[in-house]
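Q: Add chains U, V and S to chain Y, keeping to what the hints say.
Chains as they are written, first to last, in my numbering: chain Y, 1 to 292; chain U, 293 to 584; chain V, 585 to 963; chain S, 964 to 1342.
Bear in mind the hints are in silico, worked out from the structure with no lab data behind them.
Bear in mind that the values here come from a model prediction, so they are computed numbers and not experimental data.
All residues carry an ideal CB built from backbone N, CA and C; glycine is no exception.
Every clue listed holds true.
Estimated spans, in silico, between C-beta atoms of each pair:
{"#": "1", "chain 1": "V", "residue 1": "Arg-783", "chain 2": "S", "residue 2": "Arg-1180", "range": "24 to 32 Å"}
{"#": "2", "chain 1": "S", "residue 1": "Gly-1235", "chain 2": "Y", "residue 2": "Ala-260", "range": "13 to 21 Å"}
{"#": "3", "chain 1": "V", "residue 1": "Arg-858", "chain 2": "S", "residue 2": "Ala-1134", "range": "49 to 57 Å"}
Looking from chain S toward chain Y, a few residues come up when the C-beta cut is under 7 Å (computed):
{"#": "4", "residue": "Pro-1106"}
{"#": "5", "residue": "Thr-1206"}
{"#": "6", "residue": "Asp-1229"}
{"#": "7", "residue": "Gly-1276"}
{"#": "8", "residue": "Ile-1277"}
Below are the chains, spelled out letter by letter.
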Amino acid sequence: MSILVDNDTKLVVAGLTGREGTFHGLNNKNYGTDLVAGVTPGKGGQDVEGTPIFDTMHAAVGETGANTAMVFVPPPFAADSILEAADAGIDLIVAITEGIPVHDMLSVYTHLKRGSTRLVGPNCPGILSPGKANVGIIPAHFFKEGNVGLVSRSGTLTYQIGNEIAQSGFGNSSIGGIGGDPVGGTSFIDAISLFEADPETELIVMCGEIGGDEEERTADYIAENVSKPVIAYIAGFTAPPGKTMGHAGAIVSGSKGTAAAKAEALEAKGVRVGRNPTEVAEIAVEAIGSKA
Amino acid sequence: MSILVDNDTKLVVAGLTGREGTFHGLNNKNYGTDLVAGVTPGKGGQDVEGTPIFDTMHAAVGETGANTAMVFVPPPFAADSILEAADAGIDLIVAITEGIPVHDMLSVYTHLKRGSTRLVGPNCPGILSPGKANVGIIPAHFFKEGNVGLVSRSGTLTYQIGNEIAQSGFGNSSIGGIGGDPVGGTSFIDAISLFEADPETELIVMCGEIGGDEEERTADYIAENVSKPVIAYIAGFTAPPGKTMGHAGAIVSGSKGTAAAKAEALEAKGVRVGRNPTEVAEIAVEAIGSKA
Amino acid sequence: MDLLEYQGKQLFARNGVPVPEGCQAATVEAAADAADELGYPVVVKAQVQVGGRGKAGGIKLANDRGEVEEHAGAILGMDIKGFTVHELYIEKASDIAEEYYAAIVFDRGAKKPMAMFSKMGGMDVEAVAEEDPEAMRTVHIDPLIGFQAHHGRRLAYEAGIATDVVRPVGAMLAKLYDTFVAEDCMLVEVNPLLITGAREVVALDAKVTVDGSALYRHPDTAEFRNLGDEDPQEQMAKERGLTYVKLDGNVGILGNGAGLVMSTLDVVAQAGGRPANFLDAGGGSKADAIVSAVEVILSDPKVSAVLFNIFGGITRCDEVANGLVEAFGKVDVEVPFVVRLDGTNDEEGRRILADAALEGVTVEKTMLGAAAKVVELAG
Amino acid sequence: MDLLEYQGKQLFARNGVPVPEGCQAATVEAAADAADELGYPVVVKAQVQVGGRGKAGGIKLANDRGEVEEHAGAILGMDIKGFTVHELYIEKASDIAEEYYAAIVFDRGAKKPMAMFSKMGGMDVEAVAEEDPEAMRTVHIDPLIGFQAHHGRRLAYEAGIATDVVRPVGAMLAKLYDTFVAEDCMLVEVNPLLITGAREVVALDAKVTVDGSALYRHPDTAEFRNLGDEDPQEQMAKERGLTYVKLDGNVGILGNGAGLVMSTLDVVAQAGGRPANFLDAGGGSKADAIVSAVEVILSDPKVSAVLFNIFGGITRCDEVANGLVEAFGKVDVEVPFVVRLDGTNDEEGRRILADAALEGVTVEKTMLGAAAKVVELAG
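So here's chain Y without its partners, still in its complex pose (with noise of 0.2 Å):
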């Protein structure tokens, strides 16, 4: 079992033609994901090493039964990608796409809640489930199949816990990257959820940095909710007030969103939060003993 993405995925790239796309595309690939179609308007009836290319997501779900959608194409059309994508049908749409408006992923995400869709970003990375599929563009050549699922709002920061909780010798379930934006269309709580309810996975890692109350509201979530163990790590110690930390969701208001105040949150709820990233995998060993 995994999260999100497995054996069932069938991907649509909105964006294979793109040079990020074709790239990333393949590599989902190559690694086993059954990628069934492209959607690039006006270049309908091509192909990408094979994978069809359609001039509109409907016709790409129409003619592949396409569930799942990873959206690559540039943020100002990137909201619109999402909504067709939505609009034909899809299941799972995982946004890559870094700088999409605020405005529009508030409407895009309002709209969203109200359907069946699932939104995993935007900005994000992507999911992987080792042995199974991996949507995104999570390097998984360093992941394997195992216990332990890993969401993170970051990308090389997953890449980073990730590859120190490998070396402990655990696999993992997914790793899952929700995005740096200030609207993603999936939060910790989702994920977590997910997580919580999928039998392979049996200690959850959660990667929060600063801006916003959601590692906060998370905390209280997995208090009431979550039976397994979670071990959280938190970027942005260091970050000052008022400054994009990169992602544009990194920010602390005034005295509000910082790393300090998060990982008090998750530590009155029970969760233990690692100092550093090896310092997460040391507590994963502790948590549920080494597989290595």
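A: Frame of chain Y; chains U, V and S shown alone:
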């Protein structure tokens, strides 16, 4: 039993201080409906014969626990009033106002469909559950408690048919008008499904009219979902194409929306259609026997 | 409220929908002056709310002032499918490469706007629908999200138009949707939607229906008049604030409430009569309204008998009776009246009528009885 | 991106939010000329992005040209809470009857816009919140339905303002919401929102933050500059397209990916060091970007050691190593570097560095080891 309004109804009237609002609000109160509040911006703190007036719907709901709102405000402000009532957590909104722009109602309808508030109307006479509550402008003295559920697009036609049925000895579980506008919050299907679920109702009468295809869709619904006998009446056999017959929604467009097509669709699904109001009452007697 | 082509194009222009330059004209001279101003060639177009103007000779190309005068003279006053031409639209001639069809309609069943597009434009839509149902592509629009670029792309690609015009056609559809919303339209139809030789997208026709209930926020649109559309009785009724529809029979009808009036028309027809009109005196009909209504009904010379069918709810039958008595005092009534009063204060109403003993007024107790009686009297 | 008052008021004006007449000025003479043009009395206002300008002496009333010159001279160059005043806004003086507070903010937790209103305006919001938490009224707005009249009424009535200004205050809030949406704002704050003696509603201040990701559709806003806000390193980084934030320590830091860089800063701080900057070289960092990044980091004279912390996913460690070698060829490097390369092609990267044998470059295998080393070297 009955549908939509009953002894649990706690009514707030938006526009209670207006001429029509006062007249019908007090009428409803005199019938026994639990009128708890009125809302008129700028008149908070006043009262209408003992019923307190609030500046906002939120204050009215907060102070009185109102669960049902009747909207009597003029068309330019009616959509806002409906949205306010929904935002304040009202369960049922009965919109009497005639002449709300269609685009306003498209937004309101789409928004409300995603929440838990039910809207009846606009441009409707309201709902009467004889002996329990009257919310709207239906003259209650013609009707008594009983086992016939009646739903109509029109007001006076409801009374005409209701009266014919009453003279055959029947009483009513509830009598409701869903309104003559093209975008109404409650459809025939919605109302009929409530009557189907209401133990007191033994016979359902629906009064349709020209325009749209709701009667046709209702015929299909009845065939598949309704076990109780349904009798229909359709007004507008004589209406010429392209002319609006009083109600904004009563218009035959091209070959669509004719009374003949509607009657035919209903009869094809086993729903008996009375040729005139008197015949509806005669069929009712045949269907469940006169109690007179 | 249906707009004439040139009125619809005014709405288009103010919402950024590209239209050819043009000018309305009601006389031959105004038409010729407008054409001189625009520059030749121009197209002289009859302004009537009916399809098939071209086939009927209502649309003509003109290369100089003489031709404009000739065509304008021929078209003004022309009868097209029962509509008399009172106005012309003089428009710069366009360079036509392709003719498509585009529309935004209010889909009542779905309670959503629907965008429609076909590459078979310039002909009767219903003919296209029969010939090749797949040619007409449609998408529903969520009114809260509005028209998105993907809606336009989908319609364009599914319709199979050339790739180079997919984007401009999508932009045009978005502008038509903007118009539909901003102007409170029930229908915005463009047939044909033109692709010019320069690959520009232009609305060559405009069929627009606006929501009468929203006119209060569109004062400019509310001022539009269609000279060919004004029946004298309907005009009179509108001025008096009555809901009146002219029909072609001889039984004048008044009732309270739209549903009851429709039902009354049906019952009269079932009894073998032909209704002369639909007139809803409204809830709570007061004496004044009744007097006005009687005047409007009787202003139709075809009317040979009148039926009042009242079921009093909010409306009080005594007030209706008083109104009728007042009307008989003010209006010269030469046809028989049948009155059925039921509901609130019905006995009082019938007593008032009995006391007044108006000449030619018969009181009936039931709707069916009243219908039979008025048909008998109307002859 | 935070706007100065006069910039925010330009956004207000174009979206129909009433603001007093005013003019920006960067010199004493320009200020005096602007005041002559506007007519006296005027208010001379320091343009810095910080509250409490008035208390700090940054806002002064002037009744004639002489007073404008005096105040402008005093304020220009003034330091207000660490911000140097480079620009002034000269504004017609307003007639103040009431001072309220209004804002539209993006509520990240709810993922909705939120409108805020209080009748306690003209003072520090956080002080009001402490003194009387009930005074600040808030409502969430569904972004698909937008700001409705009832939202404005509710805020106004709950805040307890005089009935005669409920409607105009509601209209003002609606316009502020329009601005928030139309201009892609993250925050629109007006403190004070003024009621004049004539009972008109006017925005007397403007604190606006716009979404940097949406600047592509607001070219006018994208041109706004804040002269007081431009750190030379940040300016240089921006021109080179790098994500760089200046901090006040001495350990220069480069990493790939925002989360990893934040984590690197933390680990350096835990090891006892003080980071000099945040620099995300991005996914797939190429040699060019590395050279640029090294130049930006070293342009800060405080930097006494530099840490490269790379976990290669899309980024290839060999490319980073080549970039570093290239940078050492182009830039005069006088401080020690610690490099940690892990992930994709890490061995190849480390081999390249070993082969190049760059002076002052230490290679570490782990993030914690690298942090300890760089802190030691930075001193």
